[in-house]
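For reference, the chains in residue letters:
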Amino acid sequence: SQQGEEDPQALSIQEGENATMNCSYKTSINNLQWYRQNSGRGLVHLILIRSNEREKHSGRLRVTLDTSKKSSSLLITASRAADTASYFCATGGPNDYKLSFGAGTTVTVRA
Amino acid sequence: DAMVIQNPRYQVTQFGKPVTLSCSQTLNHNVMYWYQQKSSQAPKLLFHYYDKDFNNEADTPDNFQSRRPNTSFCFLDIRSPGLGDAAMYLCATSRDGVRKLFFGSGTQLSVL
Numbered sequence: 001s002q003q004g005e006e007d008p009q010a011l012s013i014q015e016g017e018n019a020t021m022n023c024s025y026k027t028s029i030n031n032l033q034w035y036r037q038n039s040g041r042g043l044v045h046l047i048l049i050r051s052n053e054r055e056k057h058s059g060r061l062r063v064t065l066d067t068s069k070k071s072s073s074l075l076i077t078a079s080r081a082a083d084t085a086s087y088f089c090a091t092g093g094p095n096d097y098k099l100s101f102g103a104g105t106t107v108t109v110r111a
Numbered sequence: 001d002a003m004v005i006q007n008p009r010y011q012v013t014q015f016g017k018p019v020t021l022s023c024s025q026t027l028n029h030n031v032m033y034w035y036q037q038k039s040s041q042a043p044k045l046l047f048h049y050y051d052k053d054f055n056n057e058a059d060t061p062d063n064f065q066s067r068r069p070n071t072s073f074c075f076l077d078i079r080s081p082g083l084g085d086a087a088m089y090l091c092a093t094s095r096d097g098v099r100k101l102f103f104g105s106g107t108q109l110s111v112l
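Residue numbers (the numbering used here), protein chains in the order written: chain A, 1 to 111; chain B, 1 to 112.
Please note that the accuracy of each hint is not assured.
List time: in silico EDC-like cross-link candidates among lysine to aspartate or glutamate, alpha-carbon distance up to 16 Å [to be verified]: (1) K98(A) <-> E57(B); (2) K98(A) <-> D59(B); (3) K98(A) <-> D77(B); (4) K17(B) <-> D77(B); (5) K98(A) <-> D51(B).
Just a sample of chain A residues kept apart from chain B, beta carbon distances all over 12 Å, derived [said to hold, decoys possible]: (6) A10; (7) I13; (8) Q14; (9) N31; (10) G42; (11) R50; (12) H57; (13) T64; (14) T67; (15) K69; (16) A82; (17) G104.
These aren't lab readings, by the way, just hints derived from the structure by calculation.
For each residue, glycine too, the CB sits at the ideal point set by N, CA and C.
Let's have the full structure, built from the sequences with the hints guiding it.
As structure tokens, this is what we get:
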């Protein structure tokens, strides 16, 4: 069943601006991951943060995790047109290797 | 390059006519997954193979079946497609102990 829920559902920003999206989940997790999906394509893994980590960086991406609030955020800094995509959070439980995905945030970066 | 390949990219079938989607991988990953994704929705796990062990999700309709003849290949069979089965079908792989998923480009299924 779907575990994470992203907020907002859609986001439109100007090139160069930062984009922030949030994910909330319901049960305990082993890790939380973020994926990107370009229109009509498969998902691409962006970043994984473990339950004992609070913040992680990868290039222009910054992910935070607050297990007490069961929430995570993804920040994309200095956005580019190529960042236009849907972004999904996915959670994995402590005892399984399946991922449950949220409904995603659709990000549009205007040139 | 090592990757996950799905064929065909687009598949059109008729209502009630069996259809098979295929997935192959060169990553030598032991876990393979099939997800169904409808427009603007979350990918929904249908089933997965852990090595040769098949694991069905409780809410996956009986109309959907899967085969994994070897490590590299996995098939999704839809026995009698209905209009509601039109969706993007995504194959993914992972290596045991590493939770990151590698996805194929998907097969967009249309049911007429």
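Here's how the hints hold up against the structure:
1. K98(A) <-> E57(B): holds, 11 Å
2. K98(A) <-> D59(B): Given pair K98(A), D59(B) holds - Cα atoms ~15 Å apart, limit 16 Å.
3. K98(A) <-> D77(B): violated, 21 Å
4. K17(B) <-> D77(B): Cα-Cα ~11 Å, so holds.
5. K98(A) <-> D51(B): holds, 14 Å
6. A10: For A10(A), whose nearest Cβ neighbour in chain B is about 10 Å away, the distance does not exceed 12 Å, so it is violated.
7. I13: Non-interface label stands for I13(A): nearest chain B Cβ at 19 Å, farther than 12 Å.
8. Q14: About 24 Å separates Q14(A) from the closest Cβ of chain B, which puts it past 12 Å; holds.
9. N31: Non-interface label fails for N31(A): nearest chain B Cβ at 6 Å, not farther than 12 Å.
10. G42: Not fine: 4 Å to the nearest Cβ puts G42(A) too close to chain B.
11. R50: For R50(A), whose nearest Cβ neighbour in chain B is about 9 Å away, the distance does not exceed 12 Å, so it is violated.
12. H57: Check passes; 17 Å lies beyond 12 Å.
13. T64: Answer for T64(A): holds, closest chain B Cβ roughly 19 Å.
14. T67: holds, 16 Å
15. K69: Label holds. Min Cβ-Cβ 21 Å, cutoff 12 Å.
16. A82: Non-interface label stands for A82(A): nearest chain B Cβ at 17 Å, farther than 12 Å.
17. G104: With a cut-off of 12 Å, G104(A) comes too close to chain B, as the shortest Cβ separation is near 7 Å.
Taken one by one, the earlier hints fail for this structure at numbers 3, 6, 9, 10, 11, 17, listed in ascending order.
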